[in-house]
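Asks: If you read the protein sequences in the order shown, they are chains G and S.
For the first sequence, the working numbering assigns the number 1 to the initial residue and increments by one for each residue that follows.
For the second sequence, the working numbering assigns the number 61 to the initial residue and increments by one for each residue that follows.
I should point out that these hints are in silico values taken from the structure, not numbers from a laboratory.
Wrong hints could be hidden among the right ones.
As the list claims (entries may be wrong) - Lysine-lysine pairs mimicking DSBU-like chemistry, simulated, CA-CA at most 30 Å apart:
id, chain 1, residue 1, chain 2, residue 2
1, S, K222, G, K27
2, G, K16, S, K338
3, G, K37, S, K164
4, S, K222, G, K15
5, S, K302, S, K85
6, G, K27, G, K16
7, G, K15, G, K27
8, S, K262, G, K16
9, G, K37, G, K15
10, S, K164, S, K302
11, G, K27, S, K119
12, G, K15, S, K85
13, G, K16, S, K119
14, G, K15, S, K160
15, S, K85, G, K37
The structure presented is a predicted model; accordingly, all values stated were derived computationally and were not measured.
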Amino acid sequence: MKQKDNLQYEDDLNKKIEARLREMESKDYVFAKRFSKMDYIIVLLVVIFCFIFLIIGAYL
Amino acid sequence: MKNNVNREVEKEAIFGIIPILQNEKLYGFLDAFLILSGYCIATWSYTQGSYLATLVGFKQLLIGAFLGAILMLAIYQLPVILSVRYGIDIWIWLRSVFGKRGVKVMTVVIIIINFPWYAVCAELFSSSMTNLAALFGIVFPDSLHAFLGILCVLIGTFIAYKGIGAITWTTRVLVPLLLSLGVMVVIVGFTSVPFDVIWNYKPENTGYSNNIIPYIISIEANFAFVITLIGGMSGVPRLTKKENSGFWAGVLGQGLSGSLFVVMGAVMAIAMQYVTGKMVDDPTVMLATLTVPAFALASLLLVAFANICKYRNTGSRFLSVWSYVEIFF
């Protein structure tokens, strides 16, 4: 009986997942604000800044 | 039945495998930053700090702890952007790299790798509680030690089970308090001994003739330190409303808050070495030695809660992975 309930639950859960995926694939779904080009540039600058100071640190 | 499924779906959406929709997302940058700070603040940070103090001078330690950590985090946290975009956890998007079976293996491996850390937390909670009782003149028998460790696991898991609201509120209270403790310990460390003792600190004998080697080892230790937190890199960011909030909360939560506690451990170790001749990484012993016992009491309580916090995060991770295991194994 419990096994049957679990299978039913899995089935319902999978249907819910499918429904969510359909919603995310629909044209009018609004995703989170994207990581912009500026964000990627900031990440790159942060990495370069850290890397330079790590090298400078070796001579302290 | 339908209501049950809806409730379960809501739980799964928070902890488990279901992609979370944009309108269900909960966190801005600050909440995610505080939760991830709580995730990486733990008593092992002090151990890491005192270990680094045996390898490099204080200035090198500062650079390595903050910039080494942020450098590694800024690179390895980039896939978090996908977690925020599609509302999925690390265990889901890693399928694209390892395949479905590979992810099952990786899931178990990551949990096994991290478990000794959590055992350390339970152990430290237990000894903190024993010390706390001793301050009030109560002596716990040795047989209570294991029980107190298990209590830490149970309380943390209970908070996780109570859901995302309980996690958010305990985090909003505890993490700022823990960060304040960190700042306070650094101030106490710097004011209890001459400033130069810490600022110009260099280890007497690193065991290496070439100074570049211990520096490289310390940087590697910082990289390794932040990589161990990989298990928590997507669970919280997938609930954030913007991609850059999720990403920077991870980078700065671990890179700034976590590193602050590492530096705090180093400051304690250096100050204690100067005062007592021994490198000590226990904040309670340090505060009791360098200030007054009341500070030590506050520290003990916060350290105890920090370990519960860690188990709370483990608990939520466990619930998350368990739901994944239950459905797909």
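Asks: Return the numbers of the hints above that this structure violates; sort them in rising order.
Replies: Violated: hints 1, 2, 3, 8, 9, 11, 13.
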